[in-house]
Amino acid sequence: MSLLEIKNAKLKLDDKDILKGLSLSVSKGEVHAIMGPNGSGKSTLSYMLAGRDGYELESGEVFLEGQSLSDMEADERARSGLFLAFQYPVELPGVGGMSFLREAVNSRRKFLGEEELDHLAFVKEARKVASKMFVKDEMLKRAVNVGFSGGEKKRFEILQMAMLKPKVSILDETDSGLDVDALKIVSDGVNAQRNDDNAIVVITHYQRLLDYIVPDFVHILSDGSIIKSGGPELALEVEKNGYAGLINAA
Amino acid sequence: MVATKETIDKVKEVSSTYKYGFVTDLEAEKAPLGLSEDIVKFISHKKKEPKWLLEWRLKAYKKWLSMEAPNWAMVDFPKINFQDIYYYSAPKTKPKLNSLDEVDPELLRTYEKLGIPIKEQEVLAGVAVDYVFDSVSVATTFREKLAKEGIIFCPISEAVQTYPDLVKKYIGSVIPISDNYYAALNSAVFTDGSFVYIPKGVKCPMELSTYFRINEQNSGQFERTLIIAEDDTYVSYLEGCTAPQRDENQLHAAVVELVAMNNAEIKYSTVQNWYPGDKDGNGGIYNFVTKRGNCIGKKSKISWTQVETGSAITWKYPSCVLKGDDSVGEFYSVAVANNAQQADTGTKMIHIGKNTKSTIISKGISAGKAQNTYRGQVQIQKNAKGSRNFTQCDSLLIGDKCGAHTVPYINQFTPHARVEHEATTSKISEDQLFYCLQRGLDTEQATSLIVNGFCKEVMKELPMEFAVEAQKLIGISLEGSVG
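If you read the protein sequences in the order shown, they are chains B and V. Residue 7 in the numbering used here sits at position 1 of the first sequence; the count goes up by one each step and never skips. Residue 345 in the numbering used here sits at position 288 of the second sequence; the count goes up by one each step and never skips.
If you're looking for bench data, these hints aren't it; they were derived computationally from the structure. None of the values given here were measured: they were computed from a predicted structure. Among these hints, one or two may not hold up.
Simulated pairs of lysine-lysine, BS3-like, Cα-Cα distance not exceeding 25 Å [said to hold, decoys possible]:
no.: 1; chain 1: V; residue 1: K484; chain 2: B; residue 2: K147
no.: 2; chain 1: B; residue 1: K134; chain 2: B; residue 2: K171
no.: 3; chain 1: V; residue 1: K529; chain 2: B; residue 2: K116
no.: 4; chain 1: V; residue 1: K226; chain 2: B; residue 2: K147
Ranges between beta-carbon positions, derived for each pair [unchecked claim]:
no.: 5; chain 1: V; residue 1: T416; chain 2: B; residue 2: Y94; range: 46 to 54 Å
no.: 6; chain 1: V; residue 1: D488; chain 2: B; residue 2: L242; range: 52 to 60 Å
no.: 7; chain 1: B; residue 1: D187; chain 2: V; residue 2: N440; range: 55 to 63 Å
no.: 8; chain 1: V; residue 1: E201; chain 2: B; residue 2: V129; range: 34 to 42 Å
no.: 9; chain 1: B; residue 1: Y218; chain 2: V; residue 2: T416; range: 44 to 52 Å
no.: 10; chain 1: V; residue 1: K517; chain 2: B; residue 2: L118; range: 28 to 36 Å
no.: 11; chain 1: V; residue 1: G91; chain 2: B; residue 2: V152; range: 54 to 62 Å
no.: 12; chain 1: V; residue 1: I137; chain 2: B; residue 2: Y94; range: 33 to 41 Å
no.: 13; chain 1: B; residue 1: S74; chain 2: V; residue 2: K517; range: 40 to 48 Å
no.: 14; chain 1: V; residue 1: W109; chain 2: B; residue 2: V129; range: 58 to 66 Å
no.: 15; chain 1: V; residue 1: D337; chain 2: B; residue 2: Q73; range: 38 to 46 Å
no.: 16; chain 1: B; residue 1: R133; chain 2: V; residue 2: N339; range: 49 to 57 Å
no.: 17; chain 1: B; residue 1: L19; chain 2: V; residue 2: H478; range: 53 to 61 Å
Each residue gets a CB set at the ideal place from its N, CA and C atoms; glycine is no exception.
Please model the entire structure based on the sequences and the hints provided.
Below, the structure is given as structure tokens:
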């Protein structure tokens with residue numbers, strides 16, 4: 007059974023067709039990369055999957071571990087194990103990183119029928135994970151994403167992913183705004199979480215992220231549907247010839 | 058009237074075991090409806106007050122007759138008929154119930170969310186239990202500890218009898234009877250309230266909380282509180298309760314006076330959660346309060362922290378008069394207005410002494426159809442050289458039918474002072490909500506988290522045990538306002 011199954015997804019925004027029958031099947035242990043030019047529907051796809059208001063499917067369906075997502079709100083999807091690393095993580099003034107993380111983790115644990123972590127146990131766990139991600143304690147004390155550099159924001163996203171242990175993670179343009187060093191740290195963080203039980207969907211414009219997070223499958227998204235799928239070599243083809251060649255050939 | 062008789066008996070029974078009793082007048086009957094000179098005399102007589110206090114009350118009453126209700130606040134309500142109010146009645150307790158099963162389940166859910174222990178829930182909901190005796194013993198130990206330090210903490214009606222000189226000297230010294238319409242009314246008819254006296258050099262070893270005043274709910278609609286801190290003292294006073302409080306009296310007009318001598322510090326924290334009325338504002342409490350502190354002494358400090366979530370209408374401006382050189386005034390406020398609530402609240406900082414400092418941090422949250430106004434005055438008088446004020450007013454809007462208003466008045470009569478005012482208005486953005494939802498928080502958790510983040514600077518000023526409950530309270534007050 008697929009962990010994530012998108013079947014013929016169609017979606018309109020402001021009466022404009024954005025997703026035009028997109029299908030994708032992601033199994034346990036796999037990393038998929040979705041590449042596409044600007045305006046191909048990449049961000050719409052991630053919002054649709056995460057269940058953002060206004061991004062409801064017109065037709066088609068999405069399944070997480072065989073369960074249809076169509077009647078599930080964004081928070082239910084998240085608790086069920088769907089994680090979205092944001093392209094632009096949102097600032098929450100005054101909301102401490104540690105308490106935010108703890109509420110998030112406990113929501114997920116509650117859903118899974120696990121005991122909620124008390125403050126001390128949580129702080130210990132968070133520090134352990136944070137140190138692996140080169141996230142300083144000091145950053146967890148600050149308000150979520152407020153005054154964070156681009157790199158810090160992305161590291162904090164991946165830290166959340168590590169703490170929440172999702173089934174399916176969607177990384178939306180996680181490489182944007184990162185220099186090479188930051189890119190390496192973030193990618194290491196992601197790679198450390200690859201296992202046989204989860205799956206990762208990397209949405210990206212550029213090939214360079216895929217040097218660090220090496221995908222099993224690469225899909226080219228153009229004008230709202232996947233026009234070509236292949237292995238990691240497909241990403242290199244994009245790098246060499248650009249999207250135009252592929253799109254014209256399709 | 059069997060119920061009332063029972064109630065009186067019950068209170069009597071409690072008070073007989075209650076050595077230092079806060080309960081002052083158990084023989085109380087209802088005064089006739091309405092307000093007149095006779096009613097003022099009746100109240101004073103019932104409370105066996107000395108002549109000077111009766112005269113003071115009568116003076117206030119006459120003053121009140123000549124005054125007009127203020128109409129400058131941004132609140133809208135039908136004219137109050139002052140002849141349709143009872144100004145003195147027997148202490149009333151809520152109808153006694155046999156167990157929590159008989160309590161309104163909605164109320165119980167709120168208690169649960171606030172994390173109030175079962176025993177306290179029973180007391181709050183008016184279940185007939187013996188726990189009252191527990192509180193009595195707690196309160197008694199508590200008062201013994203204070204007495205050792207020479208601290209006086211008792212009902213003001215008791216202080217009138219026991220410490221008449223102190224009361225006479227300070228009552229009305231901060232808020233004169235002619236100060237405003239509601240203060241004049243309170244002066245004429247106040248029923249009870251707290252009296253605190255901290256003798257020279259004493260740091261009060263614990264937070265003084267009205268919670269220990271077991272018959273608090275009977276203090277009525279015209280509460281009067283007086284706190285005096287002598288030289289080199291510290292006291293922290295907590296007022297109110299996070300649990301929702303219902304009261305059949307619609308109008309509440311309290312007066313709170315604080316006096317701080319040299320190097321004295323008074324920290325006054327309030328959590329106000331009076332019944333706000335239904336979604337259309339029917340039946341809620343009108344909370345028209347005058348609170349002011351006099352920093353008389355050098356290097357004295359008065360700090361007001363308030364979390365206001367209840368009442369249909371709030372009209373309240375806790376203020377500081379900074380007379381002593383180097384004295385400090387602070388005002389930290391969170392005002393939440395949801396549904397049909399209206400809040401017009403803020404502060405006055407009057408700088409008279411040299412090098413006086415004041416800080417105002419106001420966080421207004423509006424949701425539903427509510428209107429929330431910050432109204433503040435900063436006055437730097439001619440001799441207040443080297444004085445400084447910093448004001449920050451932030452408003453948060455939830456939904457598109459509510460309003461936030463900021464009305465600052467700044468009067469500066471010397472060039473040798475610095476006044477800063479910052480104001481922002483923001484909304485909870487869809488992006489913020491979605492971000493929280495994507496992490497598995499539900500809409501109510503997310504709203505509570507974002508709003509509490511917005512209020513953080515104020516919440517951290519609250520004493521710890523209050524802060525945790527107040528955080529939950531803010532979340533609960535805004536339930537259903539998003540999504």
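Okay, the hints, checked on the actual structure:
1. V:K484 to B:K147: 24 Å, holds
2. B:K134 to B:K171: 15 Å, holds
3. V:K529 to B:K116: Judged against 25 Å, a Cα distance of about 19 Å means the pair holds.
4. V:K226 to B:K147: Distance of about 49 Å is beyond 25 Å: violated.
5. V:T416 to B:Y94: 46 to 54 Å: For B:Y94 against V:T416, whose Cβ atoms are near 34 Å apart, the range 46 to 54 Å is violated.
6. V:D488 to B:L242: 52 to 60 Å: Check failed, 35 Å falls outside 52 to 60 Å.
7. B:D187 to V:N440: 55 to 63 Å: 59 Å, holds
8. V:E201 to B:V129: 34 to 42 Å: 39 Å, holds
9. B:Y218 to V:T416: 44 to 52 Å: For B:Y218 and V:T416 the Cβ distance comes to about 49 Å; the hint holds.
10. V:K517 to B:L118: 28 to 36 Å: Given range 28 to 36 Å: holds, Cβ gap about 33 Å.
11. V:G91 to B:V152: 54 to 62 Å: 56 Å, holds
12. V:I137 to B:Y94: 33 to 41 Å: With Cβ atoms ~52 Å apart, the hint is violated.
13. B:S74 to V:K517: 40 to 48 Å: Given range 40 to 48 Å: holds, Cβ gap about 45 Å.
14. V:W109 to B:V129: 58 to 66 Å: 59 Å, holds
15. V:D337 to B:Q73: 38 to 46 Å: 41 Å, holds
16. B:R133 to V:N339: 49 to 57 Å: Given a distance of about 51 Å, which is inside 49 to 57 Å, the answer is holds.
17. B:L19 to V:H478: 53 to 61 Å: Taking Cβ atoms as reference, B:L19 and V:H478 lie about 42 Å apart, which means the hint is violated.
Of the numbered hints stated above, those contradicted by the structure are hints 4, 5, 6, 12, 17, listed in ascending order.
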